[in-house]
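Protein chains: 2
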Amino acid sequence: MAETGGFIGKSVPRREDKRLLTGKGEFVADLKLPSMLHAAFVRSQVAHGRIKSVDLSRALRSPGVVYAISGPDLAKLLPPVPDTQLSLPKKWTTRVQHTFLNPQQPLLAYDKVRHVGEAVAVILAESRYLAEDAAELVTMEIEPLPAVVDPEAGLTRDSAVLHEQYDTNLIGDFAIAKGDVETALANAPHRMKRRFYHHRYAAIPMEGRGVAANYDARTDSINIWSACQVIHWLRREASTVLGMPEARIRCVALDVGGGFGVKGHVYPEELLIPYLAREVGRPVKWIEDRHEHFMSACHSRDQTHDVEFGFDDDGRLLAFQDEFLVDCGAWNPIGSGIAYNTAVHLPGPYKFEHFAVRSKIVATNKVPNAPYRGAGRPEATFAMERVIDLIAAELGLDPADVRMRNMIPASEMPYRLGLPYRDGEPIVYDSGDYPESLRQALAALGGVDAFRDRQRAARAQGRYFGLGLGCYVEGTGVGPFESATVRVDPTGKIYLAGGACPQGQGMETIFSQIVADAWQVQPDDVVVALADTSVISIGFGTIASRSTVNLSGAIHTASQSLQKKVFAIAADMLECSPADLELRNGTVGLVGVPGREIPLARIAKAAMPGWDNKRPAGVSAGLEETAYFEPPTVTWAYATHAAIVELDVELGRVEIEKYVIVHDCGVVVNPMLVDGQINGGAVQGLGGALLEELSYDSEGQLLVGSFMDYLVPGASDVPHFELKHMHFPSPLNPYGVKGVGEGSAIAPPVVIANAVSDALSHLKVEFNSTPIRPEHIVTAFG
Amino acid sequence: MAETGGFIGKSVPRREDKRLLTGKGEFVADLKLPSMLHAAFVRSQVAHGRIKSVDLSRALRSPGVVYAISGPDLAKLLPPVPDTQLSLPKKWTTRVQHTFLNPQQPLLAYDKVRHVGEAVAVILAESRYLAEDAAELVTMEIEPLPAVVDPEAGLTRDSAVLHEQYDTNLIGDFAIAKGDVETALANAPHRMKRRFYHHRYAAIPMEGRGVAANYDARTDSINIWSACQVIHWLRREASTVLGMPEARIRCVALDVGGGFGVKGHVYPEELLIPYLAREVGRPVKWIEDRHEHFMSACHSRDQTHDVEFGFDDDGRLLAFQDEFLVDCGAWNPIGSGIAYNTAVHLPGPYKFEHFAVRSKIVATNKVPNAPYRGAGRPEATFAMERVIDLIAAELGLDPADVRMRNMIPASEMPYRLGLPYRDGEPIVYDSGDYPESLRQALAALGGVDAFRDRQRAARAQGRYFGLGLGCYVEGTGVGPFESATVRVDPTGKIYLAGGACPQGQGMETIFSQIVADAWQVQPDDVVVALADTSVISIGFGTIASRSTVNLSGAIHTASQSLQKKVFAIAADMLECSPADLELRNGTVGLVGVPGREIPLARIAKAAMPGWDNKRPAGVSAGLEETAYFEPPTVTWAYATHAAIVELDVELGRVEIEKYVIVHDCGVVVNPMLVDGQINGGAVQGLGGALLEELSYDSEGQLLVGSFMDYLVPGASDVPHFELKHMHFPSPLNPYGVKGVGEGSAIAPPVVIANAVSDALSHLKVEFNSTPIRPEHIVTAFG
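Quick mapping for you: the protein sequence lines, in order, are chains A and B. The numbering used here puts the first residue of the first sequence at 1, with every later residue one more than the last. The numbering used here puts the first residue of the second sequence at 1, with every later residue one more than the last.
In isolation and in its complexed conformation, chain A is listed as follows (with noise of 0.2 Å):
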């Protein structure tokens, strides 16, 4: 018999692995129903502007259209939802002053269009090629108005409104602090003044965004799938535009090709698709095409931080201000998440007193704004580890050495920070060594003194080697909740229902390694079931770097409570105590009598309902617990990002020699996966910093419309990630996990940015903005 135990910490192969390497995935795109019709939306081409009438009686009578309708005609049949306050936690409302605005995104635009990519109406037809054809033959009269495409401007008295009902694009307001910024920064030695721009890009996952329903008359009941992150609020949104009980809703996410948060809300098109195949009585189904998805999937990014901050002659950080805008697109689908993210997580490692920063989140006619991995948090770590290295510019010093003097020593752990987390509970860092985190990756580089007497010698041949540092902290497996089923089958094994809602991150392996741990089983004899509302009917899903944290705590609660049961019933058979058993490979046994042992099948079976049922009195029937785990608040990974560039001056173009990684998420359940999302985080903070940029122009027409405008990394423009761990276990949860899955996409644009600063400091240039292009090298050297 196979050992069991300790499965947790081992790279266990990915069990998706096989369906996947051996094209037995099934993505949305895949799913093939009897009768199914295919949608084509029609999009806005303007930014902005009133709609006047949408003529659709061309596109109805082209071949294979079975259906048509026009966003003003649906506001008829299913009007509009009036703006709702968002459900944000009373903590965090009662502890933060803030306003928010919340105009609600109707199915298809009805009143106004208000961005390029907006739909306004959708085809059904035999097949999308069909539908698209029909698309085509829509016409619209829009009489325009201006764009509103730059934020600051947005703001000003004279500029166009996008949401009427309000005299105002400033669509949410907040401010938190701590200590006293204004006389800090009065009295500090030395103050600095800066503007950061953290330019707008997005997931752009493999997998665009799809979705497909399938009405059932017989039982009144609709089945929705959809490639998101969140099917559980997917149903919720479902059940209130479509007058159903949550009960005859179901919500399945099959193999899903990315989410990293663009996935991560309901959007129009998920409750707009069921709503028509009820209504017409046949499957729909809609994938986004990639034209689709640049102008209609969220955005991401996109903030201009104007940071005041005062320091001493040590470079020690005395007092940090920032304002920042939010370039929100038209709609604001998740509120405030991403900008307060980025407002508390501005402190990141270091300790210092006075503390202010106020965001304000403007709505613009472009796509909306939603989080993509790191959700607000490159923006902050942009800016704080840029000031780090402009005090250490400023003062002469390395900013190796700012950084060490300023960061919160390992003795101060845990660090209660004094600002409230978007949970509304207070920030306390809960485990880790930041310097060390350092220190380590400082080494890997080969040290700071080294690097700078070859960077010194380099310079004088006409080569340009720069050190970029990135230091972050992550808030990661936030709540409010996530739930489990556990469940003995019949057979033994052990089945696991979750809330988690995966897209590639291999959570059947982790979480069959956990179970696996908990029941003393192997991996392989343990049933994941992820993804499907049918499976458990409360859940929350996947966004946040939370699954891992929130599903295992709930797996052990109901894993715990659930092997009382089982006790209960091997004692009574096996004639003892609960108290003298164990769980010994799939059997429940006698500790330290080999052979005595109950296997859990048989367990099972006693624990049925009914005639000859072996339960002992007052032990319920059936093996199955449903728990919720609810975190206190969250739990801090960290990281420090090191790379060495080599700047090619005349091509622009920045070469990474060495790029390290040390990172902590805690207890790390299986090894290969994590380092897979350290790199995979690190190549898309690359493209970030490099390549990738959503852009606009005056008239709020978008630029990007394929991959040919919009470039992603590819094998060759990505660095050998040394990756290196620390494993502080977080106190806060069962498993002393932590988040891993957007922390590594963090740093890599202020690395790349500070990299470049220093490569090229005596030239005095600052590299305050993002993305970092050819161009920007070669104009530095004038």
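Treat the hints as calculated values from the structure; they're not laboratory data. Don't be surprised by glycine CBs; every beta carbon is placed ideally from N, CA and C. One or more of the hints may lead you astray.
[What the hints assert, rightly or not] A few chain B positions that, by computed beta-carbon distances, are all more than 10 Å from chain A: (1) A217; (2) E323; (3) D648.
[Said to hold, decoys possible] Listed next, the in silico EDC-like pairs over lysine to aspartate or glutamate satisfying Cα-Cα at most 16 Å (straight line): (4) K614/B <-> E630/A; (5) K24/A <-> D216/B; (6) K24/B <-> D216/A; (7) K32/A <-> D572/B; (8) K24/B <-> E279/A; (9) K18/B <-> D216/A; (10) K24/B <-> D220/A; (11) K193/B <-> D30/B; (12) K32/A <-> D180/A; (13) K605/B <-> E237/A; (14) K614/B <-> D572/B; (15) K18/A <-> D216/B; (16) K91/A <-> D612/B; (17) K18/B <-> D220/A; (18) K112/A <-> D73/A; (19) K32/B <-> D216/A.
Start from chain A and add chain B according to the hints.
Leaving out everything else, chain B in the frame of chain A:
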């Protein structure tokens, strides 16, 4: 606001009818899956023989054929399960002397064929037409063996043996008794012996069997749709055959067009189709055609009773001894169930001390015998109710009087019979008034005396009227258990998932009534999910008139338990004690204070895990409870059927002038549906009495192949049934209900036999066999 409460007892219209009457029902035959293959079986044309070879080569070359396999080849891939002990309750096995052999029917016959129609090979093709064409190209070499057609001959020493591992065709044998039947018979003033034969007929639902399966390689799971009554049983067997955890198997019964017991166990086809679907990696469907149904779906009845009985001069039954043979066909899928039902239902509503019965279950080369509406009770009632009439005839008493004299008086209820039921519990007739049911029936017929006058007068004119009575008791609602999950949906609707598995009875309606009353909501506010293993992990299914009894009990327990939680949350919100609260129109309100109430939807929201939840301390998250109702034992429904018939002595036709049914199934949930059950059962009972017969020739060839030679009653064959209800609640379950699904099919055969015997009493002919054919009546006149 509409009133709530009091839906139990109302003829709420069937919610199923909207879809069924508008063509939106979905039966397994309607199911379309992409790339679905269609199966056709090659079935044995001989009754008994040894399989030498099966040649599929021509079939495999036939157009559109994708896969074909024979029994011998399948046996190499899936070794047949060895004969296993049936799972019988220990309480029963220790109380009843028995021997059962349990030959396991393979998925395809591989060593021998044992009845005409047994499947030997299966073809999968792109359409059913192509599959059928290919099936005709299969040739097989079968060494013929003598057919065992007569069960009595099958028990002789020189008979061929179906299951050679046993050396006998006697595959079941048990005896139960009370008192001292030998002595009582010896001492009885009168002693008679008769043989009664209840012929072979079957359920013949409008929809035959059907199964479809779809293997999902992504999740290594399988969906099985089967037109069956026991999806959880199907899942359990599929788990064994497929070697998959139950958690990876979902079994669903869509709309099912009648079951009546014939779909109440698992057939080889239901396991083979999923196996093939996984094997070929495409969905596979098989729909039984009517011809196949006759030769492969189980038959029923077919018992020969040799009864000896003793009675006194007043017609009081003193002793009853019965040895009966069950012609079991080639396999015995549900073991002792039918035969044991027959044994314990023989005493009926009568009180006598000395009773002995022995049952022999004999394997023959016919379609296997399995339950059909009544499941062994019609045979018992036929024997006993003929006995009562024979006593009356012998003593020159009126059969009604003899019944009255023998019946258990209401004053002796509850009545302890002195025999164990098949759950092993002592039989106790729990509530009712049997003589009153007889009195009401006779009154509805206009009284016995008036009839006798009329009968005499008519006979003088060459017209022959007869009065037939049939009284029975029926154990209903047998365990072991049924399961219910009750959930308060976030919309405030109440969701019920149950283990019952309907076939058209209207369960969605009646359970919505029960839940509505339990929660004080409208039936339309109840979402009912049945017949789907994905909605409830442990369930039993719908057989044996058990679902209303058992599922209502589970609903009650789950609701009580969930309401405690609901009240605790509401009490916290209303700042009062849970004891001051009541359910009120979809809210929880303060008793006596209108307006002080919280909608269930708000309570569901408050019960959510996570931030800002309003659960009081100690109340777990979520509003869902699962409960199992494990009935203490069966509850006893009963009825008197009474008919006046006139014989057309030239055509031999039985004209039913009046047919009265006085029935007690305790508390009635939906009177309209109960009437439907009673009418439908009586129609099927009359079909068995007069028309339907599955006859075999001496070679074991089934002489019935279509509705041309198997007559089921049409509208013009059926009288108006006059229904009367008595309502003695059962004390054994929360709602006082008793089962009603089967009852009414029990009495008609003996009612007709008694009526016809009565009509021809002057000729001293006895109708002791079914069916009663025109030729029997014509022949009676010599």
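> Hey, K614/B versus D572/B, does the alpha-carbon distance stay inside 16 Å?
Replying inline: 8 Å, holds
>> Against the 16 Å threshold, does the CA-CA distance of K605/B and E237/A hold or violate the hint?
In response: Distance of about 14 Å is within 16 Å: holds.
>> Between the alpha carbons of K112/A and D73/A, is the straight-line distance 16 Å or under?
In response: Judged against 16 Å, a Cα distance of about 14 Å means the pair holds.
> Does the alpha-carbon distance linking K24/A and D216/B stay inside the 16 Å limit?
Replying inline: 9 Å, holds
> Quick one, are K32/B and D216/A close enough, alpha carbons at most 16 Å?
Replying inline: With Cα atoms ~13 Å apart, K32/B and D216/A stay inside 16 Å; holds.
> If you draw a straight line from the CA of K193/B to the CA of D30/B, is it 16 Å or shorter?
Replying inline: 53 Å, violated
>> For a C-alpha distance cap of 16 Å, please report whether K24/B and D220/A respect it.
In response: 10 Å, holds
>> K18/A and D216/B were given as a pair; does the straight-line alpha-carbon distance stay at or below 16 Å?
In response: Satisfied, since the Cα-Cα distance of roughly 13 Å is no more than 16 Å.
>> Using Cβ atoms and 10 Å as the threshold, tell me whether A217/B really stays out of contact range of chain A.
In response: A217/B is in fact no farther than 10 Å from some Cβ atom of chain A, at 4 Å.
> Would you say E323/B is clear of chain A, with no C-beta pair closer than or equal to 10 Å?
Replying inline: 28 Å, holds
>> Between the alpha carbons of K24/B and E279/A, is the straight-line distance 16 Å or under?
In response: 15 Å, holds
>> With the threshold set at 16 Å, check whether the alpha-carbon distance from K18/B to D220/A stays at or below it.
In response: Holds - the C-alpha atoms of D220/A and K18/B are around 11 Å apart, at most 16 Å.
Violation of the numbered hints given earlier is confined to hints 1, 7, 11, 12; the remaining hints are satisfied by the structure.
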